[in-house]
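Residue numbers (the numbering used here), protein chains in the order written: chain A, 212 to 525; chain B, 212 to 525.
Simulated from the structure, these hints should not be mistaken for laboratory data. Model, not experiment: these values are computed from the prediction. Keep in mind that a hint or two might mislead.
Interface residues of chain B toward chain A, partial, derived using beta-carbon atoms under 10 angstroms [to be verified]:
1) Leu271
2) Thr308
3) Trp334
4) Pro472
Covered by chain B, per the in silico footprint, the following chain A stretches (three or more residues, Cβ under 8 angstroms) [as the list claims (entries may be wrong)]:
5) 223–230
6) 310–319
7) 336–347
8) 469–482
Positions of the beta carbon are idealized from the N, C-alpha and C atoms, including for glycine.
Number of protein chains: 2
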Amino acid sequence: MALLVAMARHWDAEPWLERFRRLGGDMEILDARKPYDAAAVTHAAVWKPDPGMLAGLPNLRAIFNLGAGVDALLADKTLPGVPLYRIIDPDLTSRMTEWVTLQVLFHFRQMPDYLAQQARAAWEQLDQPGAHEVRVGILGMGVLGRDCAEVLKRIGFQVAGWSRSGAAVEGFEMFGGADGLAPFLARTDILVVLLPLTETTRGILDRKLFAGLARDGRLPGPVLINAGRGGLQVEADILAALDDGTLAGASIDVFETEPLPADNPLWPHPRLVLTPHVAADSTPEGLVAGIVRDIAAFERGETLPNLVDRATGY
Amino acid sequence: MALLVAMARHWDAEPWLERFRRLGGDMEILDARKPYDAAAVTHAAVWKPDPGMLAGLPNLRAIFNLGAGVDALLADKTLPGVPLYRIIDPDLTSRMTEWVTLQVLFHFRQMPDYLAQQARAAWEQLDQPGAHEVRVGILGMGVLGRDCAEVLKRIGFQVAGWSRSGAAVEGFEMFGGADGLAPFLARTDILVVLLPLTETTRGILDRKLFAGLARDGRLPGPVLINAGRGGLQVEADILAALDDGTLAGASIDVFETEPLPADNPLWPHPRLVLTPHVAADSTPEGLVAGIVRDIAAFERGETLPNLVDRATGY
Chain A
212 MALLVAMARH WDAEPWLERF RRLGGDMEIL DARKPYDAAA VTHAAVWKPD PGMLAGLPNL
272 RAIFNLGAGV DALLADKTLP GVPLYRIIDP DLTSRMTEWV TLQVLFHFRQ MPDYLAQQAR
332 AAWEQLDQPG AHEVRVGILG MGVLGRDCAE VLKRIGFQVA GWSRSGAAVE GFEMFGGADG
392 LAPFLARTDI LVVLLPLTET TRGILDRKLF AGLARDGRLP GPVLINAGRG GLQVEADILA
452 ALDDGTLAGA SIDVFETEPL PADNPLWPHP RLVLTPHVAA DSTPEGLVAG IVRDIAAFER
512 GETLPNLVDR ATGY
Chain B
212 MALLVAMARH WDAEPWLERF RRLGGDMEIL DARKPYDAAA VTHAAVWKPD PGMLAGLPNL
272 RAIFNLGAGV DALLADKTLP GVPLYRIIDP DLTSRMTEWV TLQVLFHFRQ MPDYLAQQAR
332 AAWEQLDQPG AHEVRVGILG MGVLGRDCAE VLKRIGFQVA GWSRSGAAVE GFEMFGGADG
392 LAPFLARTDI LVVLLPLTET TRGILDRKLF AGLARDGRLP GPVLINAGRG GLQVEADILA
452 ALDDGTLAGA SIDVFETEPL PADNPLWPHP RLVLTPHVAA DSTPEGLVAG IVRDIAAFER
512 GETLPNLVDR ATGY
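Please construct the entire structure, taking both the sequences and the accompanying hints into account.
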């Protein structure tokens, strides 16, 4: 067995190669940037490989993506048709819940205003609803969304979810499909976005969607939290919505272009919190150990829950 | 029955009088700032009344404090010796947990650094431990402390508690008494303070205590979160500890002097988050309804869990 480690050429693959060599047992570890025997490759571990990097591997059995999102990978028309797996690890889920909970509480407890008051040494107590008076909506109720939903419900928020299927999730009001989106938005004060990027979801976070959020809530206005993918959002619409009050605030971890260019007008907006795609960074050691376990399970013929359905894109 | 509503003279008692009149059923509601028949007063609802305001009430049966902290009240040597109750309501507990969870996550997820980066349009991903690698210590494991502990544990932190007695709390490692303080601090990366202000706890948050916090954690340094009482802290020591790295960050909601004067050097410190004593503001309606219920239960001879022990001060 030989594992090909393939990443975009501008990435530093060396630390990843080193981890796979250390944790990979008797698997041979191959570096896609150097010459190697294509016929020897049985598995590939990849992160945004350059298009074509995985073509021409006659004995490839499976591809393992080093993250949860496979949109960049599926855009490569030369991608071999073997089983494709993505990362769903508990550490990544836990980190996403940390970030989402932090950002929801940050806006809910009016921290943009309190930090601005602190900057001018002003002592002013703002009217503050309780969590039980505020409705959070989770757009995308997969593994990550459900974990966030549980913690936010424990804190006291009214939490509902939306998913493509609208399948029941115990303990939460669920909405589903295109028809369910408008009623879901209409009852949502704080929108948490954890959708995958697919042909259907690209650009879904636009002016029209923001205008459908609740206008009758206890907060000054609706809040957007996006930790899904940058391609979900129309950034010009986010800025316009923040400026005209359609959105009262936003926290964004993902962008149409990453790194976000220094002259991008999102950076200085006072109602916007930006983090540089760090919401759910997992530790490299945890990811690599998980993939080594997945490869072993795959070779034993086990069914892995993180198999990507290429039709839906996640 | 007649309820005397007594507050510091510089406070606006009018909205409180109005709520008690609306929610108090057939109780007569008396305003301590105006002439009234002292012999008629059977109960008092108070918030930081001026010293002596409650003296000379021959038929007073009980005092109900409009908050959790009774330190200011107990400092009044003329306070009648009738049963004294404080507020422990679920809404107040829930709000405290919101604020504490927010502030713990804010420092843990390095938001002071990310906000500073955003201000200069800098995209830089910082090394981030997972919550399971970070130890939170709750100094004061009463009703509020236990609720915070539960939510922080669910998020993934290693949570332990300290209380005067060190009594067991299911699901948490507990430390107790003066002897238990040093080992508790030595295993704590993020210290959450929810102590009452008593003769023993006044000024406990000083340079010596900060120096006892863990130095071997995964965060850049220890973090202080104080939502208890301003009198617990030595503010000059907090500033010095932040400046010399003994503390890496702090969030403070309570101060030695409130409102915090505009020229106080705490305001502009870049590693310090200040909020104006709003961590656990409850809604006035909720508080008043709770006190009306408590008075009825007291008159039925029921035992109320929120009776203040004047020996311990809470």
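Now the hints, each set against the structure:
Here the hint on Leu271(B) is broken, as its CB sits about 31 angstroms from the closest CB of chain A, past 10 angstroms. At about 7 angstroms, the closest approach between the beta carbon of Thr308(B) and any beta carbon in chain A falls short of 10 angstroms, and the interface hint on this residue holds. Given hint, Trp334(B) at the interface with chain A, holds; its Cβ is 4 angstroms from that chain's nearest Cβ, closer than 10 angstroms. Contact between Pro472(B) and chain A, as hinted, is supported at the beta carbon level, the nearest pair being about 8 angstroms apart and thus within 10 angstroms.
Beta-carbon proximity to chain B at under 8 angstroms applies to 0 residues in the stretch 223–230 of chain A; the threshold of 3 is not reached and the given coverage is violated. Only when three residues or more bring their CB closer than 8 angstroms to a CB of chain B does the claim for the stretch 310–319 of chain A stand; here the count is 6, and the claim holds. Remark: the stretch 336–347 of chain A is confirmed as covered by chain B, as 6 of its residues place a Cβ nearer than 8 angstroms to a Cβ of that chain, reaching the required three. Note: the stretch 469–482 of chain A has 8 residues with beta-carbon separation from chain B under 8 angstroms; the three-residue rule is met and the coverage holds.
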